[in-house]
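Q: Produce the entire structure from the sequences given, and follow the hints as far as they go.
In the order they appear, the protein sequences are chains A and B.
Take 1 as the starting number for the first sequence in my numbering and just add one per residue.
Take 85 as the starting number for the second sequence in my numbering and just add one per residue.
No wet-lab data here; the hints were simulated from the structure.
Model, not experiment: these values are computed from the prediction.
Hints should not be assumed to be uniformly reliable.
Selected chain B positions facing chain A (in silico; Cβ < 10 Å) [as the list claims (entries may be wrong)]: (1) Pro114; (2) Ser117; (3) Ala118; (4) Gly119; (5) Pro120; (6) Val163; (7) Gly198; (8) Tyr241; (9) Trp243; (10) Phe262; (11) Asn266; (12) Gly267; (13) Tyr268; (14) Arg279.
Glycine included, each C-beta is placed from N, C-alpha and C at the ideal position.
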Amino acid sequence: MTHLDGNALAGPLSEVFRDDMTTALGRCASCGDVSVLAEALVYDAAPGWAVRCHACGDVLMTFVRTLDRLRIDMRGLTALEIPS
Amino acid sequence: MAIFSRGFSGRPRESNPDLPPGQFLTEDFPVLSAGPTPRLDTADWKFEIKTETGQTLSWNWDELTALGLEDVHTDIHCVTRWSKLGTDWRGISLDKLFEDAETSFDFVMVHSYGGYTTNLPLEDLMNGQAWIATEFGGEPLEPDHGGPARLLVPHLYFWKSAKWVRGITMQRTDSPGFWEQNGYHIYGDPWREERYW
Ligand SMILES: [Zn+2]
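A: Set out below in structure tokens:
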């Protein structure tokens, strides 16, 4: 089986990581709820931001701003669906 | 990106030897949390220590407070850059809670009601360095500040002082907790400015 190298992802990833991701659908790893990210609950009064599922309250993603980068953890999201 | 605009602003006190590097003095007590505040009734509350031997040590509220509260006068330092000096707490020493614990592991994971976790070396909880705090400023600890009980480990950045503490599990290695997995330092010494990885 042949494969392409990661440069082939430039096209699809630019569709995913675009200006406004809040209309993307995210699937919660904990309860399976599928909702637009705009419906998530964002707790910003913390060392970083914790983004929680509006249905079950579990953490979908975190954002941490360090000195030289923005780190995003998405282990609570098992799928993202982008309207095209 | 325009996020994190709600950063703390305060007065720098670079001449104050009690302020770790990069910290600002505050007189308030900012409330930080990565989730909703759990409403916990001390009647249902318990605290557990679990070790690798299968041992579980468990205390309900009355059993815990019967161990005796110590007065703790200390400075606290939040990684979001505020420090609060000379705070007064009362709490149960972790030395007492670990008296009967059978473990050869060197690290702990602290668990909270609501799902928060944070990791520490066991030695940082021992020898009068850590408490389960139940009072702040002479009053029962308010839910927003972690009440009825939070961990208090004031020599490390305050995200290690887990609110709504529920228990401690021994671990062989220093596996990272909630913020430690996501960019914050595995240890968090404010005097060395150990904020991020
Ligand atoms: Zn969910």
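Q: Against chain A, run the beta carbon of Ser117/B and see if the smallest gap drops under 10 Å.
A: holds, 6 Å
Q: Would the hint on Gly198/B be counted as holding, given a Cβ-Cβ threshold of 10 Å to chain A?
A: holds, 9 Å
Q: Was the hint right that Val163/B lines chain A, CB cutoff 10 Å?
A: holds, 5 Å
Q: Hint validation: Tyr268/B versus chain A, beta carbon distance must be below 10 Å. Holds or violated?
A: Where the cut-off is 10 Å and the nearest Cβ of chain A is about 6 Å from Tyr268/B, the hint holds.
Q: Hold the hint about Arg279/B up to the distance rule: shortest CB distance to chain A must be less than 10 Å.
A: Constraint on Arg279/B satisfied, holds at 7 Å.
Q: Given Tyr241/B as an interface hint, is the shortest Cβ-Cβ distance to chain A below 10 Å?
A: Constraint on Tyr241/B satisfied, holds at 8 Å.
Q: So, as I understand it, the hint says Gly119/B touches chain A; can you test that by seeing if any CB pair is closer than 10 Å?
A: holds, 6 Å
Q: Would the hint on Gly267/B be counted as holding, given a Cβ-Cβ threshold of 10 Å to chain A?
A: holds, 3 Å
Q: Taking the closest Cβ pair, is Trp243/B under 10 Å from chain A?
A: Status holds, d = 5 Å.
Q: Minimum Cβ distance from Phe262/B to chain A below 10 Å?
A: holds, 8 Å
Q: Would the hint on Pro114/B be counted as holding, given a Cβ-Cβ threshold of 10 Å to chain A?
A: Constraint on Pro114/B satisfied, holds at 8 Å.
Q: Does Pro120/B pass the interface hint, meaning its C-beta sits closer than 10 Å to a C-beta of chain A?
A: holds, 7 Å
Every hint, counting from the list given before, is met by this structure.
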